[in-house]
Each structure stands twice: as structure tokens, then as C-alpha cells.
Amino acid sequence: MSKDDGGPAFARPFSKNGEYSDSQQNRSQEGMSLRDYFAAQALQGQMQREKDFGKTVREQGFSKYAAHIAETSYQLADAMLAARSA
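The numbers in numbering that gives the first Met the number 0 rise by one with no breaks, and the one at position 75 of the sequence shown is 74.
It should be emphasised that the hints constitute simulated quantities derived from the structure, not laboratory data. Mixed in with the good hints, there may be bad ones.
Claimed, not checked - With beta-carbon atoms standing in for the labels, derived distance ranges:
(1) Ala-82 x Val-56: 17 to 23 Å
(2) Gln-43 x Asp-3: 32 to 38 Å
(3) Phe-52 x Ser-84: 29 to 35 Å
(4) Ala-82 x Phe-52: 15 to 21 Å
(5) Asp-3 x Thr-55: 29 to 35 Å
For glycine and all other residues, C-beta sits at the position ideal for the given N, C-alpha and C.
Work out the full structure, taking the sequences as your base and the hints as a guide.
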């Protein structure tokens, strides 16, 4: 079973000449998922509050620290999606 990603965050429907554009035909784009958008917002918040970034990276190593922040961002995104459906 796949994880609910909330659907497209910035979807754009298919458009024909004259409908949304003057001279060209645009293909639809699903854009990023709402889960990805929420994770990006959570990432910004986490990085903003990280006062001891350099110290943390030196202690944990960048790869380990980055993996932790990424995982936490998606956990927060999943919580936001769950709150939407509650």
C-alpha cells in the first residue's frame, strides 16, 4: 500500500489554444505532491530554529544530520496530511 501523498500541490490542467494560452498547447502538470510541499515547509522551519547547526553537524556528521532532518520533515508532513483528513 502506498503512502497518501495528498495529491498534487500545484496542479495545472491541460489547456487548449486560447483557453489558457494564446498560441500554444500546454500539457497538464501534476506538480509536486502536497506531502512534498508540506515536508519542504517543515524543513524550512526546522532549519530556521537550528541555532547550533555547525556544532550539530560536527558532532553527528552532515549525512547523518541531513537524513534526520529529512526524515523528521516527512514525519511532520504526514502528520499534517493526517490532520487534514481527521
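Hint by hint, here is what the structure shows:
1. Ala-82 x Val-56: 17 to 23 Å: violated (31 Å)
2. Gln-43 x Asp-3: 32 to 38 Å: violated (22 Å)
3. Phe-52 x Ser-84: 29 to 35 Å: Given about 34 Å between the Cβ atoms, the range holds.
4. Ala-82 x Phe-52: 15 to 21 Å: violated (28 Å)
5. Asp-3 x Thr-55: 29 to 35 Å: holds (31 Å)
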